[in-house]
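Peer 1: Protein sequence lines correspond, in order, to chains A, B and C.
Under this note's numbering, residues 1 to 385 are what the first sequence spells out, in order.
Under this note's numbering, residues 1 to 246 are what the second sequence spells out, in order.
Under this note's numbering, residues 1 to 382 are what the third sequence spells out, in order.
Check the hints yourself; a few may be wrong.
[As the list claims (entries may be wrong)] Label-pair distances were calculated between CB atoms; the ranges are:
#	chain 1	residue 1	chain 2	residue 2	range
1	C	Leu183	A	Tyr38	42 to 52 Å
2	C	Ile30	A	Leu225	56 to 66 Å
3	C	Val31	B	Asp186	52 to 62 Å
4	C	Leu253	A	Arg91	26 to 36 Å
5	A	Ile328	C	Ile173	31 to 41 Å
Source of the hints: derived by calculation from the structure; they are not laboratory data.
Note that the coordinates shown come from a computational prediction; the quantities given were computed from them, not determined experimentally.
Beta carbons: idealized from backbone N, C-alpha and C, even for Gly.
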Amino acid sequence: MKAFRAFITKEFYHIFRDRRTLLILFGMPLIQLILFGYAVRNELNEADIAILDHSRDEVTREITGKLLSSGHFRLSAYLENESEIEQVFQRGTARIVIVFESGFGRRLIRDGKADLSIVTDASDPTMAQMLEGYTASIIEEFQRERRMQQDAERPPGADKVLHGDGGVSKSGITPEIRMLFNPELRSANLFVPGLIAFILMLVSAFLTSITIAREKETGTMEALLASPLNPMQIILGKVLPYLALSVINVFTILVVALVLFQVPFRGSVMLFSLLSLLFIMTALALGVRISSAARDQQTAMMMSLAGLLLPTILLSGFIFPISNMPAILQYLSHIVPAKWYLIIIRGIMLKGAGLDVLWQEALILFGMMSVLLALGISSFKNRLE
Amino acid sequence: MKNNGNIIEVNELTRKFGDFTAVDQISFEVKRGEIFGFLGANGAGKTTAIRMLTGLLIPTSGQARVAGFDIYTESESIKRNIGYMSQKFSLFNDLTVAENMRFYGGIYGLGNQEIRHKTIELLDRLGLTGVRNRLIADLPLGWKQKLAFSTAVIHDPAIVFLDEPTSGVDPITRRQFWDLMYETADRGTTVFVTTHYMDEAEYCDRVSIMVDGRIDALDSPVGLKETYGARNVDEVFVKLARGGVS
Amino acid sequence: MRTLFFVIEKEFLQIFRNRLMLGIILVVPIVQLVILTYAATFEIRNIDVFVVDQDRSPESRMLIDRFAASENFRLSGWSDAPEDGYNALLSGDAAVVLQIPPHTGRNLTRDGHAPVSLRFDAVDGFSANIASQYTMQIIRRHNEDRAVFTMPATDGSFSSALAGNTPPPQIGIHVSRWYNSELDFKIYMVPGILVMLITVIGGFLAGMNVVREKEIGTMEQLNVTPISKTHFIIGKLMPFMILALVMLSIGLLLGRLWFGVPIEGSLALIYLMAVLYLLVVLGLGLLVSTITHTQQQAIFITWFVFVIFILLSGLFTPIDSMPQWAQWLTLANPVAWFIDMIRRVMLTGAGLADVWQSCLVLLGFGLLTIGAAILRYRKTIR
Numbered sequence: 001m002k003a004f005r006a007f008i009t010k011e012f013y014h015i016f017r018d019r020r021t022l023l024i025l026f027g028m029p030l031i032q033l034i035l036f037g038y039a040v041r042n043e044l045n046e047a048d049i050a051i052l053d054h055s056r057d058e059v060t061r062e063i064t065g066k067l068l069s070s071g072h073f074r075l076s077a078y079l080e081n082e083s084e085i086e087q088v089f090q091r092g093t094a095r096i097v098i099v100f101e102s103g104f105g106r107r108l109i110r111d112g113k114a115d116l117s118i119v120t121d122a123s124d125p126t127m128a129q130m131l132e133g134y135t136a137s138i139i140e141e142f143q144r145e146r147r148m149q150q151d152a153e154r155p156p157g158a159d160k161v162l163h164g165d166g167g168v169s170k171s172g173i174t175p176e177i178r179m180l181f182n183p184e185l186r187s188a189n190l191f192v193p194g195l196i197a198f199i200l201m202l203v204s205a206f207l208t209s210i211t212i213a214r215e216k217e218t219g220t221m222e223a224l225l226a227s228p229l230n231p232m233q234i235i236l237g238k239v240l241p242y243l244a245l246s247v248i249n250v251f252t253i254l255v256v257a258l259v260l261f262q263v264p265f266r267g268s269v270m271l272f273s274l275l276s277l278l279f280i281m282t283a284l285a286l287g288v289r290i291s292s293a294a295r296d297q298q299t300a301m302m303m304s305l306a307g308l309l310l311p312t313i314l315l316s317g318f319i320f321p322i323s324n325m326p327a328i329l330q331y332l333s334h335i336v337p338a339k340w341y342l343i344i345i346r347g348i349m350l351k352g353a354g355l356d357v358l359w360q361e362a363l364i365l366f367g368m369m370s371v372l373l374a375l376g377i378s379s380f381k382n383r384l385e
Numbered sequence: 001m002k003n004n005g006n007i008i009e010v011n012e013l014t015r016k017f018g019d020f021t022a023v024d025q026i027s028f029e030v031k032r033g034e035i036f037g038f039l040g041a042n043g044a045g046k047t048t049a050i051r052m053l054t055g056l057l058i059p060t061s062g063q064a065r066v067a068g069f070d071i072y073t074e075s076e077s078i079k080r081n082i083g084y085m086s087q088k089f090s091l092f093n094d095l096t097v098a099e100n101m102r103f104y105g106g107i108y109g110l111g112n113q114e115i116r117h118k119t120i121e122l123l124d125r126l127g128l129t130g131v132r133n134r135l136i137a138d139l140p141l142g143w144k145q146k147l148a149f150s151t152a153v154i155h156d157p158a159i160v161f162l163d164e165p166t167s168g169v170d171p172i173t174r175r176q177f178w179d180l181m182y183e184t185a186d187r188g189t190t191v192f193v194t195t196h197y198m199d200e201a202e203y204c205d206r207v208s209i210m211v212d213g214r215i216d217a218l219d220s221p222v223g224l225k226e227t228y229g230a231r232n233v234d235e236v237f238v239k240l241a242r243g244g245v246s
Numbered sequence: 001m002r003t004l005f006f007v008i009e010k011e012f013l014q015i016f017r018n019r020l021m022l023g024i025i026l027v028v029p030i031v032q033l034v035i036l037t038y039a040a041t042f043e044i045r046n047i048d049v050f051v052v053d054q055d056r057s058p059e060s061r062m063l064i065d066r067f068a069a070s071e072n073f074r075l076s077g078w079s080d081a082p083e084d085g086y087n088a089l090l091s092g093d094a095a096v097v098l099q100i101p102p103h104t105g106r107n108l109t110r111d112g113h114a115p116v117s118l119r120f121d122a123v124d125g126f127s128a129n130i131a132s133q134y135t136m137q138i139i140r141r142h143n144e145d146r147a148v149f150t151m152p153a154t155d156g157s158f159s160s161a162l163a164g165n166t167p168p169p170q171i172g173i174h175v176s177r178w179y180n181s182e183l184d185f186k187i188y189m190v191p192g193i194l195v196m197l198i199t200v201i202g203g204f205l206a207g208m209n210v211v212r213e214k215e216i217g218t219m220e221q222l223n224v225t226p227i228s229k230t231h232f233i234i235g236k237l238m239p240f241m242i243l244a245l246v247m248l249s250i251g252l253l254l255g256r257l258w259f260g261v262p263i264e265g266s267l268a269l270i271y272l273m274a275v276l277y278l279l280v281v282l283g284l285g286l287l288v289s290t291i292t293h294t295q296q297q298a299i300f301i302t303w304f305v306f307v308i309f310i311l312l313s314g315l316f317t318p319i320d321s322m323p324q325w326a327q328w329l330t331l332a333n334p335v336a337w338f339i340d341m342i343r344r345v346m347l348t349g350a351g352l353a354d355v356w357q358s359c360l361v362l363l364g365f366g367l368l369t370i371g372a373a374i375l376r377y378r379k380t381i382r
C-alpha cells in the first residue's frame, strides 16, 4: 500500500510539474467554453445584402427600407446593373442581391403585378435558404400591410380586397408551435454539454494513452514492472491522476457554464455525477487500451486522434446533428461512447430528464465501459507477459 | 597567436547556470596536432566546456580562440573548421552509412566527387565497405561509433572534438577506436577528447583533469604520475579528488 | 546554397523511409475528408416526429400521412397518450411531437379550422427553427389542398373571390441560386475541409519533426555544423510544404470526382494561395517547436492554437453569426482568410483581382511567423 501511495504521488508530481501541459489542460477547456458560448454559433446576425434597383420609386424604397431595418440584413452596396452581381459574389461583398425590375411601383399599382428577383450565393446553401426565407416573409409582410392599408382606405360597402396570407392562420389546420427546453434557441445550450464530453475524452483518454506510451518509450515502464507494484496498481496509479483532473475540469466547466452562460441545469446532480463518472471510466479504459497497442508517443497520439477525438467531435452529435448524416455514419455513431453520454447529459441538464427516461443510454454506456475495461486490462497484462 | 603552434587557447573561461558554476575560470592551450584529453568525473564540467569551445554555448566570462577564431564573435567560422562527435553519436539512424557521409560531406562544402572518394576511402580504412548501404540503426554499437568518428573528420578539419566517444563500449573496441584517433592525429588533425575513463588518459599526449569545474592538473600522463607519485592516472585523479597532493 | 540542397535531400530521405508515417499522412486525411464531409452538415434531414393522435379521424390520419410522406421527416413513434410524446422528447427519441387533440376532424369540418400542437426539442435551436419552418410548409400545403375541395360556409373573403372581385396586388418573387443550385451542403464544406487537412499536415508534422530532433539529440549535431539557421529552417519546411500540396491535389481530385465539387476558378491561383497559406501554418508549427522541449508539449500547444483557429475560421459555423468582437478576431486568423479565399475561388470562380488583398495578408502573416521562427531559433545558446 505504501508503494502504491508513493507511486501515485510521483504521478501527480509529473503532471503538476509540467506547467505547459497543465496550462493547456485547464486553459483549453475554458477558452473553448468561451468560444462555444459566445462565438461559435449558427444564429444569423446580419448578412450583407446588395440592392439592384432598376426602378427607384417609392415602393422599392419602402421595401428596401423594410429589408434593411429588419435586423437580418446589412446594406453593402447599391448596384447599377446585372453584370455587377457576379463580382459581388466573387469578392464576397454580399450573399444576397435583390433585383427590382424597372417601373416596379407603377406596375404593381397599375397592373396589380410586379416582379423582383432574389439572387443568392448558394455556396452555403443553408444560409442561402434562410436568407431567402427572411426576404420572402418580409415581402409577404409588406404586402399584407399594404392590403390592410388599402382596405382601410376604401369607402365602406365597397368590395373588400382579398385577405390572402397563405391561409394558415385563417382556416384549416392551425399549428401552435412551442419550443421546449431552449426557448431562446441559444447555441450555447447545445454546445456546452458537448464540450464537457469532449474535454473528458481529451483528458481521460487522449492524455492517458500518451502518458503510458511515453513510459514505454523512455523505458521507465520496465523499471515500474520490476518494482513491487503489481500491474493493476500500475494502471490505477497512471489513471487516477487523470481521473482527478477530469473531475476537476468538468466541474470547473460546469460552474462557468452555469454562472457565466446561464446554461440551465434542471435535472439531478447525483445522476449527472454518477453517469459522468461512468463516462470518464469508459474514456480512461479507452486510453489504456490504446496505450498498450501503441509503441511510442507519436503512434499513441495518432491513434487517439483518429480513433477517439475525431469521432467524438464529428459523430457524437456535439456540433452536427446525427440525424442529418447518411445512414452509415448514423450506425457508426452508435459505437461512439460520447454519443450516448451526450444524450444523457443534454437530457439531464436541459430537459430535466431522469433515469426512467435515460436508462437505456445509461445501460449502453455501462456495457461499453465494462467491455473496454476488460479489454484494456487484459491487453495491458498481456504486454507484460 | 597562430605562430606559437596553439590551435586552442583558453583563458579564464567560465560558465554559470544561475547560481551553479559549471565551468570555473579554466585556462589552457592545446597544441596543433596533439591528442589532448579532458578528464573528469561525470558532472565535472567537461561537456559544458566542450560545448563552449564548439560554439554551442556562450560563456559567462573569459576568452577563448579555436582554430584562430574567437568563440564569441566568430562561432560560425569555428564550426566550418572543426568536427564534432557528441555523446549520443550523431549519425542519423534512419539513413544509411553512405547517406550520412554524403550529408555531412555536403554541408561541410565537399564536392560530389570528393564525397564519393572520401566515403570509399574511409569505409575501406575501417574495413566496413560492406555496410555502406545499411541503415545506422541496424549496426552494432562499435561500428556506429567508428563510423560517427570517420564522418566527423570527413572534411579534414583542423580539430575534432569528441565528447565521451567510448562510453558503453567494450575494451577491445575502445582500443580500436583509439587506433583511429592516432591515425587521425598523425595526419595533422588535433584531437580534443573528453572522457571519464581514467585509463584512456595514458593514450593522450597531454591531459587535463577537471574537478568541480576547475582544472586541477594539466600535464602529460608521465608528468602527472611523477608529480603526484602515482602509478597510473587513476590514482592521480583519486588523490586530486581527495584534495591532497603527496 | 549547396548546403540547402543537402539539407532538403536528407529530410526527404528520412520522410520517405518512414513508411508507416507516410501511409498515415496520406491515407488518414483522405478518410477524414470523406467522413467529415458527410458528417459535418447542417442540412436538416430525418427529423424524428412522434405523433400523439387523440383524434384518430380520417382528417388526422391525412395530416399524419403528410408528415410520413415528407422526405424531411421520419415517423418515430405513435401513441394516444401525451406523456409518451413528452417522454420521447426527453429521451431524444423524437425531435418534435405532433399532438392532434380529440375532435379535430369534427371541428375542421364544422368550423373550418382546428388547432394542433407542435412541440419541438429546441436544444439545437438552429435545427428546431428550420424544422418548424418545414412543418409550417407542410401544413400550409395541406391546407391549400384541402381548400380546393371544401367550400367554407361563412367566410366572406372566399366567396368574394369567387364572385370575381379585385384580386390583391401580387409581388412575384423569382428565386435564383448561384453556384450551388442543388443546395448540396457538401459542396460548401469540402473546400474548407481541405484547408483543415493541409493545416494539420503543415502545422503539426513540421513542428513535431523539429521537436523530435531536439528530443533525440541530432539537433545538437546540426547546430555544430556550418549550416545556417535559415537553410536549416527552409530545409525543414520544404518537404512538408510539398507533402501538403500533394495532399491538397489528392483532396481536390477526390472532391471533384467523388463529391462533384467544382473548381470554377484557376487551379494555379489555388496553388498559389495554398503555398502562401502553408508558409503561415508551417511557420506557426515551427514557432511552437522553438518554445517546446518535448513532443508532447508541442502536440498540445499546436493543437490548442489550431483548434481555436479552426473554430473561429468560419469552417463549421459562419463568421457572420459571430458577435462583433469575435469577427474582429478572425481578421488575425489566417485559416479564416484562406477558407474564405478558397471557397470563393473554387465555388464562384473568383480570380486574382478578387483575392489579391487576401493574398497579401497571408504573405504578411507568413513572413511574420517564419521570420519569428528564424529569429527564435538559436544555434548557439546564450
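Peer 1: It remains to establish, for every hint, whether it holds in the given structure.
Peer 2: Hints, verified against the model:
1. Range check, Leu183 (chain C) to Tyr38 (chain A): Cβ separation about 29 Å, and the 42 to 52 Å hint is violated.
2. For the pair Ile30 (chain C) and Leu225 (chain A), the beta carbons lie near 39 Å from each other, so the given range of 56 to 66 Å is not met.
3. Checked against the hint of 52 to 62 Å, the C-beta distance between Val31 (chain C) and Asp186 (chain B) comes to roughly 60 Å, which is consistent with it.
4. The beta-carbon spacing between Leu253 (chain C) and Arg91 (chain A), approximately 28 Å, falls within the hinted interval of 26 to 36 Å.
5. Between Ile328 (chain A) and Ile173 (chain C) the Cβ separation comes to about 38 Å, which falls inside the hinted range of 31 to 41 Å.
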